[in-house]
Amino acid sequence: MRGLVSGVWARPITIIWLPPALWAGNMVLGRALAADFPPVSLAVFRWLITLALILPFVGRLLWQQRAIVKREGLMIIACGAFGIAGYNALAYVALKSVPAANVAFLNSTLPLMVPVFAFVLGVERVGRRTLFGLVVSSFGVAWLMTGGTLSAITGLSFSGGEGLVLIAISNYAIYSVLLRRMPADLNPFVFFTATVIAGLVVLAPFWIAELAAGAILPTDPASWAAVAYLGVFASLVAFLLWMRCVAVLGSTITGTSFHLMAVFTAAFAWAALGEPLESYHFAGIGLILLGVFCATIPLPAGLLPGTMPRLRPVPIRIRRRR
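In the working numbering, the protein residues as written are 1 to 322.
Be aware that one or more of the hints could be misleading.
Claimed, not checked - Using 20 Å as the maximum straight-line C-alpha spacing, the simulated DMTMM-like pairs for lysine to aspartate or glutamate come out as follows:
(1) Lys96 to Glu210
(2) Lys96 to Asp36
(3) Lys70 to Asp185
(4) Lys96 to Asp185
Unchecked claim - Here are the in silico distance ranges between beta carbons for each label pair:
(5) Arg181 to Leu53: 39 to 45 Å
(6) Pro56 to Ser279: 48 to 54 Å
(7) Arg11 to Gly214: 46 to 52 Å
(8) Ala35 to Arg180: 18 to 24 Å
Everything labelled a hint here was simulated from the structure, so no lab data went into it. The beta-carbon is built from N, C-alpha and C at its ideal position, and this holds for glycine as well.
Sequences and hints are given; from them, build the entire structure.
Here you go:
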């Protein structure tokens, strides 16, 4: 079993689909809990569970590498603020008012935002194969979310909660790009633990304000079982796998796999809620899978449009404090 786990960890292309699957469950549960669970409290308890699970195993190493953690403090705080605090809290706030179709559609803009931030920050190049995959999978998402009628895109509203979703996705795109700058001499599990702590520190004042405003936590076992899923699978497992994929495959290629959330959401709705799968579902899912395949699996050059340019990053350097 250890050899199997090591082999899978060494080849992240085989696990790139797992984070979107786990986050699709997060979306379903987030919608289910939106009416009864205060959003910031949900984000806080989700990450407290994650921290309680990982800290006993990483605590000693975290203490041993405290000098490196201090040296990379700004980087860790930024990752905690954008990836742990900003994305999750804003998403849960938005889920109180945003229709599910709009949330799924807007979440799928992450793979388009990641290469933009990667290009601007000069983190990595964006190849034509990845760009081609992004275009194909984005078209599949649009087809899926509009019921096979792309003209319905003009009917989607982007006011109020939809704007929060876009801000949340922007936060996670920046986080995904910053992961490429994770220092090589810092253990990735220590880095993740430190970012969780930083994210909780960022969330703390907002949580206090939410409770002071009269927020009431639910007491039923089902709600807390859902929070436990968020803390274990949608947070600990999914984020560690995402970090591994970004570190090896790059933020742009890994970000493309985020389109798979739409695939898993449709599948979960069919299996758990009995919602039918129409022909446009299969067409959209097929385009999404094709786009992810094109972006992640090397293809003969002749299969891709030869006129698509290779973008090179802007020569911007972000200096870390020593």
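Honestly, do Arg181 and Leu53 meet the 39 to 45 Å range at C-beta? violated, 26 Å
Restraint status (C-alpha distance of Lys96 to Glu210 at most 20 Å): holds, 15 Å
Between Lys70 and Asp185, does the CA-CA distance stay at or below 20 Å? Distance ~13 Å between Lys70 and Asp185 Cα, so the pair holds.
Holds or violated: 48 to 54 Å for the Cβ distance of Pro56 and Ser279? holds, 50 Å
Outcome for the supplied range 46 to 52 Å, where the beta carbon pair is Arg11 and Gly214: For Gly214 against Arg11, whose Cβ atoms are near 50 Å apart, the range 46 to 52 Å holds.
Within 20 Å, alpha carbon to alpha carbon, are Lys96 and Asp185? violated, 41 Å
Holds or violated: Lys96 with Asp36, Cα cutoff 20 Å? Holds, at roughly 10 Å.
Range agreement (Cβ of Arg180 with Cβ of Ala35, hint 18 to 24 Å): violated, 38 Å
Checked against the numbered hints given earlier, this structure breaks hints 4, 5, 8; the rest are met.
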